[in-house]
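Chains A and B, in that order, give the protein sequences.
What the first sequence shows, in the working numbering, is residues 1 to 111, in sequence order.
What the second sequence shows, in the working numbering, is residues 1 to 113, in sequence order.
Hints in this document: simulated from the structure, not taken from any laboratory.
All values derive from a computational prediction rather than experimental measurement.
Worth double-checking, as some hints may not be accurate.
[Said to hold, decoys possible] Have a look at the derived ranges for each label pair, beta carbon to beta carbon:
#  : chain 1 : residue 1 : chain 2 : residue 2 : range
1  : A       : 71        : B       : 27        : 35 to 43 Å
2  : B       : 40        : A       : 54        : 33 to 41 Å
3  : A       : 69        : B       : 7         : 40 to 48 Å
4  : A       : 40        : B       : 17        : 19 to 27 Å
5  : B       : 106       : A       : 59        : 18 to 26 Å
6  : B       : 109       : A       : 82        : 19 to 27 Å
7  : A       : 7         : B       : 12        : 12 to 20 Å
8  : B       : 41        : A       : 69        : 23 to 31 Å
9  : B       : 113       : A       : 53        : 28 to 36 Å
10 : B       : 52        : A       : 27        : 17 to 25 Å
11 : B       : 45        : A       : 71        : 17 to 25 Å
12 : B       : 99        : A       : 54        : 17 to 25 Å
13 : A       : 58        : B       : 5         : 36 to 44 Å
Think of the CB as a built atom: it goes at the ideal place given N, C-alpha and C, for glycine as much as any other residue.
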Amino acid sequence: GEDVEQSLFLSVREGDSSVINCTYTDSSSTYLYWYKQEPGAGLQLLTYIFSNMDMKQDQRLTVLLNKKDKHLSLRIADTQTGDSAIYFCVEGGQAGTALIFGKGTTLSVSS
Amino acid sequence: GAVVSQHPSWVICKSGTSVKIECRSLDFQATTMFWYRQFPKQSLMLMATSNEGSKATYEQGVEKDKFLINHASLTLSTLTVTSAHPEDSSFYICSVPREGGYTFGSGTRLTVV
Numbered sequence: 001g002e003d004v005e006q007s008l009f010l011s012v013r014e015g016d017s018s019v020i021n022c023t024y025t026d027s028s029s030t031y032l033y034w035y036k037q038e039p040g041a042g043l044q045l046l047t048y049i050f051s052n053m054d055m056k057q058d059q060r061l062t063v064l065l066n067k068k069d070k071h072l073s074l075r076i077a078d079t080q081t082g083d084s085a086i087y088f089c090v091e092g093g094q095a096g097t098a099l100i101f102g103k104g105t106t107l108s109v110s111s
Numbered sequence: 001g002a003v004v005s006q007h008p009s010w011v012i013c014k015s016g017t018s019v020k021i022e023c024r025s026l027d028f029q030a031t032t033m034f035w036y037r038q039f040p041k042q043s044l045m046l047m048a049t050s051n052e053g054s055k056a057t058y059e060q061g062v063e064k065d066k067f068l069i070n071h072a073s074l075t076l077s078t079l080t081v082t083s084a085h086p087e088d089s090s091f092y093i094c095s096v097p098r099e100g101g102y103t104f105g106s107g108t109r110l111t112v113v
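Next comes chain A alone, as it looks inside the complex (with noise of 0.2 Å):
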């Protein structure tokens, strides 16, 4: 069945950059998301990547897509405490479809 994987722990310090990896079994996905959650929160999305592109910028967010070896990575620039959080890379079939998440990433910034 269909399967997402991702790193379960990421430490940086603040002002570096983060970089969450993720890979994922689903070739027909449509569209790849990053969510984040923060403690006993619901879940943001930060941002979304069509499978038919390979990388998309928005602020201090860049994901990749590497749709023949199904890799997928977020990268926060310049990361701040306020980042720390649990980031979800999920995946989406057809519009209106269930997501697949993978078991999320804690990211830690200290300072």
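Based on these hints, arrange chain B on the given structure of chain A.
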């Protein structure tokens, strides 16, 4: 963008009682809503797809008689955890698919004691 209100945000109940969680799409008519469950340090797992005016579709391993889903209108889906047990303690979150993406409720932390 679309706004999804989920209520309650947290609930503590006694074992054997039932708990109802509401998910409202405030400005978007949702024929479909998704219910996810997240155990501590785990990912979100899809429990069921709620369909307006028809029966919900449950994922394998999710008991439909235990997790009752009602989607009686285009703006409201409810998840009722019946005869709750401590192992049902989890974070439940609903999601509304819409043009351009998905909007999530803020989640419900259920603790069964």
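Quick rundown of the hints versus the structure:
1. A hinted range of 35 to 43 Å for the beta carbons of residue 71/A and residue 27/B is consistent with their spacing of about 36 Å.
2. Between residue 40/B and residue 54/A the CB atoms are about 35 Å apart, so this pair conforms to the stated range of 33 to 41 Å.
3. For residue 69/A paired with residue 7/B, a C-beta distance near 42 Å keeps the hint of 40 to 48 Å intact.
4. Checked against the hint of 19 to 27 Å, the pair residue 40/A and residue 17/B passes, with Cβ atoms roughly 23 Å apart.
5. At about 24 Å, the CB distance of residue 106/B to residue 59/A agrees with the hint of 18 to 26 Å.
6. Against the hinted window of 19 to 27 Å, the Cβ-Cβ separation of residue 109/B and residue 82/A comes to about 22 Å, which satisfies the hint.
7. Under the hint 12 to 20 Å, the C-beta atoms of residue 7/A and residue 12/B, about 34 Å apart, miss the expected range.
8. At about 27 Å, the CB distance of residue 41/B to residue 69/A agrees with the hint of 23 to 31 Å.
9. Between residue 113/B and residue 53/A the Cβ separation comes to about 48 Å, which falls outside the hinted range of 28 to 36 Å.
10. For the hinted restraint 17 to 25 Å between residue 52/B and residue 27/A, the CB-CB distance of approximately 31 Å leaves it violated.
11. Between residue 45/B and residue 71/A the CB atoms are about 23 Å apart, so this pair conforms to the stated range of 17 to 25 Å.
12. Our hint of 17 to 25 Å for residue 99/B and residue 54/A holds, since their Cβ atoms are close to 24 Å apart.
13. Range check, residue 58/A to residue 5/B: about 27 Å between beta-carbon atoms, so the 36 to 44 Å window is missed.
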